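Generate the whole structure from the sequences, applying the supplied hints.
Protein chains: 2
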Amino acid sequence: MRQGGAIAELIEALRCLPGVGPKTAQRMTLHLLQRDRDAAGRLSEALRQALNKVGLCSQCRTLTERSLCEYCASPARDRSLLCIVESPAEVFAISRSTGYKGLFFVLNGRLSPLDGIGPEELGLDILEQRLKNDGVAELILATNATVEGEATAHYISDMARRHGVRTTRIAHGIPFGGELEYVDGATLSHAFDSRKDF
Amino acid sequence: MRQGGAIAELIEALRCLPGVGPKTAQRMTLHLLQRDRDAAGRLSEALRQALNKVGLCSQCRTLTERSLCEYCASPARDRSLLCIVESPAEVFAISRSTGYKGLFFVLNGRLSPLDGIGPEELGLDILEQRLKNDGVAELILATNATVEGEATAHYISDMARRHGVRTTRIAHGIPFGGELEYVDGATLSHAFDSRKDF
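Just so you know, the protein sequences line up as chains A and B, in that order.
24 is the number that UniProt numbering gives to position 24 of the first sequence; each next residue is one higher, with no gaps.
13 is the number that UniProt numbering gives to position 13 of the second sequence; each next residue is one higher, with no gaps.
Copies of the same chain look alike in the list, so a pair counts if it fits in one copy or across any two.
Straight-line distance between alpha carbons at most 27 Å, and here's what the computed DSS-like set of lysine-lysine pairs gives:
#, residue 1, residue 2
1, LYS23, LYS101
2, LYS132, LYS101
3, LYS53, LYS23
Since the hints were made in silico from the structure, they are not lab data.
Nothing here was measured: the structure is a model prediction, and the numbers come from that model.
Here it is in C-alpha cells:
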C-alpha cells in the first residue's frame, strides 16, 4: 500500500493495540478518517487525558486517577486481608465475581529475570513495608498459574513467612463446566493430587 | 467494573474502533496505561496529526495529505480510464492486486436515500464535471455487489450515458477457489447467466 505519511503513521501507531495487526490497523484508520472523525478526535483527547491523569495507587499500585485508589481509600474494606494480583484487570475481575472485601496489591508484572523484571520493578519493597507495618493477617496469592506466576508466588510467600504473615493461594483445578477430556494435563494432574473429601 | 473517569472515558473512546467491544476496549486501555504509555502517546499524536493533515483529494476524493492525491498527480497514469469505487480501501486493493493504470474516483459511500446520502454527498457533481471536461473514454464501475452498490452503479452509468462515455462493470461470479456448493444463490445464479464461451 502506498500512501502519505500521516495515514501510514496512524496505521503504525494503531498497531500498538493488543490484537491489532496491519490489516486491522488499516481498516481502523480508514474508518476513523473517512467516517468517524469526531470519534477519532475524542480518542486522541481521551488518550492524552488518561496519560496525564492516570497513575499507580501509592499503596497498592493499581491504576487510579488519585494518589490512593478507591479500594485503599475505602474505610469499608478489611485491611487485614491482602490479595496479590499481576494486573489491574484482575482487581476488576475479582471485585466483580467474588465477595472479597479486603485490599489488593498489584504487581504490574511477574518476576522475569531474563526480561529485567526483578523484585523492585514489581514494587515488592512497598509490599514488604506493608507486611511489616500494616497489620496484614492473611496474604492471598492470586498470581497466574504460569511458571513465572508460580515463581513470583513462591518469592512473595518466602517474604511473608519472614514477617510471620499467613499465606494462602487461590485454588487451581478443573474449571466449572469444564470437561475432563478437554482439560490440559497439568491442570488435571494438579486437580487429581489436590482432591478433597466429598 | 468501577473505575475513575479518565480510564472509563478511554475505554468508551476506544469503542469507536471497528470490531472493538467493551471487553476488548478494557483490555486495550489497561495494556496502554500499564505497559505501553509511549505508544499511547504516539497514538494520540498520530490521530491528531492525521485529523489535521488528511483530507479528500480535490479531484478523486480519496484520502490524501495533499490537495491532489498521488494517483491524480502522477503523469504516468492513463487519464482516459476512470474507476469508481466506494472507499479508499478499494483504491489500495485494486492498486495492489491488478495492473490498473488509470485514475480513480472515490464515492466515500453509496446512494442510500433513507440515510440521507444522495448524489451530492457522493461528490457526483464533481464526477459529472470530469465526465464533461476531462476526456474520460471508459468509466469502470467497481462499486460493491450490494443492493445499494448496484443502485449507485446504475445511477452513475445513466450519467455517463448522457455524456457519451462508455461504461463497464467489473465481473461478478464464483471467486477463484470457491466451491459451487458453498457459494450463495444470487452469485451462482448471476454466474450461470453470465457464462461465456470456453
